[in-house]
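Here are the chains, one letter per residue:
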Amino acid sequence: MTDRALADVRPFVLPVALVTIAEIATRVSGMESYTLAPPSRIAAALFQAGSDGTLVSATLQTLASVITGFAIGAVVGVSLGLVLGLQRPLDLLSELPVEVVRAMPSIALLPVWMVIYGLGYKMEIAVIAFTTVWPNMVMTRAAVRGVTPRLLEVSRVLGLSYLQRIWKIVLPAALPGIFVALRLTLGFSLIIGITIEIIGNPQGLGSALMLAREGMDPGTMLALIVWIGLIGLALNAITATIQHRLFGHIAGYGARS
Amino acid sequence: MTRQESEAASHRQPLVSLLDVNLSLGGIEILRNIKLDLFPGEFVCVIGPSGCGKTTLLRLIAGLFRAGDGRIIYRGKELTGPQHDISVVFQDYGKALLPWRTAAGNIALALEANGTPRADRPGIIAGLLEKTGLAAHSDKYPGQMSGGMQQRLQIARCLAQDPQLLLMDEPFGALDAMTRQGLQDELLAILASTGATAFFVTHDLEEAIYLGDRVIGLLPHPGRVAEVFDVPLPRPRHQLETREDPEFLRLRRELARFITLAEA
Numbered sequence: 005m006t007d008r009a010l011a012d013v014r015p016f017v018l019p020v021a022l023v024t025i026a027e028i029a030t031r032v033s034g035m036e037s038y039t040l041a042p043p044s045r046i047a048a049a050l051f052q053a054g055s056d057g058t059l060v061s062a063t064l065q066t067l068a069s070v071i072t073g074f075a076i077g078a079v080v081g082v083s084l085g086l087v088l089g090l091q092r093p094l095d096l097l098s099e100l101p102v103e104v105v106r107a108m109p110s111i112a113l114l115p116v117w118m119v120i121y122g123l124g125y126k127m128e129i130a131v132i133a134f135t136t137v138w139p140n141m142v143m144t145r146a147a148v149r150g151v152t153p154r155l156l157e158v159s160r161v162l163g164l165s166y167l168q169r170i171w172k173i174v175l176p177a178a179l180p181g182i183f184v185a186l187r188l189t190l191g192f193s194l195i196i197g198i199t200i201e202i203i204g205n206p207q208g209l210g211s212a213l214m215l216a217r218e219g220m221d222p223g224t225m226l227a228l229i230v231w232i233g234l235i236g237l238a239l240n241a242i243t244a245t246i247q248h249r250l251f252g253h254i255a256g257y258g259a260r261s
Numbered sequence: 548m549t550r551q552e553s554e555a556a557s558h559r560q561p562l563v564s565l566l567d568v569n570l571s572l573g574g575i576e577i578l579r580n581i582k583l584d585l586f587p588g589e590f591v592c593v594i595g596p597s598g599c600g601k602t603t604l605l606r607l608i609a610g611l612f613r614a615g616d617g618r619i620i621y622r623g624k625e626l627t628g629p630q631h632d633i634s635v636v637f638q639d640y641g642k643a644l645l646p647w648r649t650a651a652g653n654i655a656l657a658l659e660a661n662g663t664p665r666a667d668r669p670g671i672i673a674g675l676l677e678k679t680g681l682a683a684h685s686d687k688y689p690g691q692m693s694g695g696m697q698q699r700l701q702i703a704r705c706l707a708q709d710p711q712l713l714l715m716d717e718p719f720g721a722l723d724a725m726t727r728q729g730l731q732d733e734l735l736a737i738l739a740s741t742g743a744t745a746f747f748v749t750h751d752l753e754e755a756i757y758l759g760d761r762v763i764g765l766l767p768h769p770g771r772v773a774e775v776f777d778v779p780l781p782r783p784r785h786q787l788e789t790r791e792d793p794e795f796l797r798l799r800r801e802l803a804r805f806i807t808l809a810e811a
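Protein sequences, first through last, are from chains G and E.
Just add 4 to the spot in the first sequence (first one is 1) and you have my numbering.
Just add 547 to the spot in the second sequence (first one is 1) and you have my numbering.
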């Protein structure tokens with residue numbers, strides 16, 4: 005085998021070995037469990053859920069809430085971050101309240117959200133948006149602050165207007181930092197979404213997970229966990245690709261933050 | 548410009564006049580009683596030990612600082628902020644260029660700022676890239692260019708402002724000796740063709756003499772004009788002949804004496 009082929013195969017060696025060990029161990033021990041299942045049964049359950057349409061509809065439900073909540077959190081958070089990054093007086097004024105609200109675990113506010121929105125999509129979207137607003141805001145503000153003073157001087161010397169300065173200098177310079185915030189909060193959004201579905205929204209993958217557990221069907225339950233992991237992986241791969249497309253080809257840009 | 552010509556220049560209206568300018572920042576006196584005239588087409592170099600306020604003086608003329616008291620007159624009017632026809636070449640070209648824009652895009656920024664019609668931009672950009680020897684690199688990002696090329700690009704962007712006054716803050720300080728000499732000659736050629744006035748801060752005494760019509764010597768604590776050296780060397784200047792001219796050597800000795808005493 006060539007070195008190249010070996011390098012291609014290497015990342016898969018450990019996972020395949022672990023799955024094989026799990027399969028053999030569960031078969032040999034003749035295990036009967038409400039929480040564990042052999043990998044072959046998990047795969048079969050995943051295939052079953054995939055072919056009868058339940059997996060697709062649950063996935064769409066989860067993604068709809070996660071992406072809507074993420075988008076609201078992104079638009080609001082990035083906008084607030086830009087304003088606070090550019091307007092020092094407003095920033096000082098908002099510093100204390102923002103720190104207090106931000107420090108509160110968003111799940112602790114769940115009872116409040118339940119009272120306002122009941123159980124369902126609206127509540128899930130609200131919690132995701134509320135949770136992701138703050139990291140987006142704080143990281144955008146930092147990215148705007150981090151624009152090198154030299155670039156702002158250049159914009160003054162060249163005579164750029166205020167709007168030109170924001171559009172042509174501040175935003176592009178802060179974009180890599182903002183993108184890091186967006187990638188991070190997309191990950192948060194999936195975590196929060198699944199959590200809410202387990203606790204209080206009777207739809208989506210989290211809810212399906214709970215149904216499988218209550219139905220004492222560890223094969224389906226673990227299959228859903230694997231599937232959620234794959235979704236997380238896919239979301240990350242998509243954002244990583246976009247990030248690379250936007251900044252990857254430019255040396256000294258994007259790598260700074 | 549010869550000495551006769553620069554004497555003739557002194558009878559013309561100065562492009563910039565600093566009238567008894569004082570500046571304190573954070574309670575510390577940085578510049579005291581600066582009186583200085585820059586005449587059109589003149590190349591003025593500024594030397595002095597570190598902390599003498601060279602860069603601060605440049606930023607004052609750029610309109611980036613306001614003078615504490617005293618006045619700066621630019622083209623007959625009091626200078627209150629950055630002007631579209633005063634441009635600044637910063638030493639740290641790596642930070643002064645936009646890494647997300649190509650060479651052409653960086654030059655375009657100056658044209659976007661001064662409202663040059665969109666249709667006219669490509670021609671102007673191509674001309675400036677040609678003039679600064681970057682014609683083949685128009686689509687490169689600053690991160691893909693050498694230090695010398697990046698500094699050329701910054702100069703090209705400044706020229707896009709069509710400046711009357713070009714302020715340069717140790718622009719070649721971070722470059723190697725060969726690149727520096729090449730850029731010195733390119734700069735002199737560009738200025739000879741545009742007729743712009745240059746104000747050039749440097750810590751390299753030979754560079755100051757080689758480029759300048761006059762060399763201003765500043766002293767620190769607080770920064771003040773201590774001595775002015777006229778440079779009556781003929782133009783165009785030549786890296787070998789000019790640097791071997793007895794007058795060049797005499798000036799180099801005088802400047803060295805000045806800087807040694809200043810740093811003592």
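Some hints could be false.
[What the hints assert, rightly or not] Here are the simulated distance ranges between beta carbons:
1. 693/E with 104/G: 38 to 44 Å
2. 156/G with 666/E: 25 to 31 Å
3. 725/E with 234/G: 55 to 61 Å
4. 105/G with 690/E: 37 to 43 Å
5. 149/G with 725/E: 49 to 55 Å
[What the hints assert, rightly or not] A short list of chain E residues far from chain G (calculated; beta carbon distances all over 12 Å):
6. 567
7. 632
8. 637
9. 648
10. 673
11. 704
12. 710
[What the hints assert, rightly or not] Covered by chain G, according to a simulated footprint, are these stretches of chain E (three or more residues, beta-carbon under 8 Å):
13. 649-663
14. 688-694
It is worth saying that the hints were derived from the structure and are not from the lab.
Glycine residues also receive a C-beta, built at the ideal position from the N, C-alpha and C atoms.
Hint by hint, here is what the structure shows:
A beta carbon spacing of about 50 Å between residue 693/E and residue 104/G contradicts the range 38 to 44 Å that was offered as a hint. Look at residue 156/G against residue 666/E: about 29 Å separates their beta carbons, and that is inside 25 to 31 Å. At roughly 57 Å, the beta-carbon separation of residue 725/E and residue 234/G lies within the given 55 to 61 Å, and the hint holds. Between residue 105/G and residue 690/E the beta carbon distance is about 39 Å. The supplied range of 37 to 43 Å therefore holds.
Residue 149/G and residue 725/E have their C-beta atoms about 39 Å apart, which leaves the hinted 49 to 55 Å range violated. With 12 Å as the threshold on Cβ separation, the claim that residue 567/E sits away from chain G holds: the shortest Cβ distance comes to roughly 25 Å. Chain G draws residue 632/E into its interface by the beta-carbon criterion, the shortest separation being 9 Å against a cut-off of 12 Å. Once the 12 Å rule is applied to beta carbons, residue 637/E is inconsistent with being away from chain G; the minimum gap is 6 Å.
Interface exclusion of residue 648/E from chain G breaks down, the closest Cβ pair being 8 Å apart, not more than 12 Å. No Cβ of chain G approaches the Cβ of residue 673/E within 12 Å, the least distance being about 20 Å, so the stated non-interface status holds. Not every C-beta of chain G lies more than 12 Å from that of residue 704/E, the closest at about 8 Å, which undercuts listing it as non-interface. For residue 710/E, the condition that its CB be more than 12 Å from all CB atoms of chain G is violated, with the nearest at approximately 10 Å.
Here the segment 649-663 of chain E counts 5 residues with a CB under 8 Å from a CB of chain G, which clears the bar of 3, and the coverage holds. Interface restraint, the segment 688-694 of chain E with chain G: holds (4 residues with C-beta to C-beta distance below 8 Å; minimum three).
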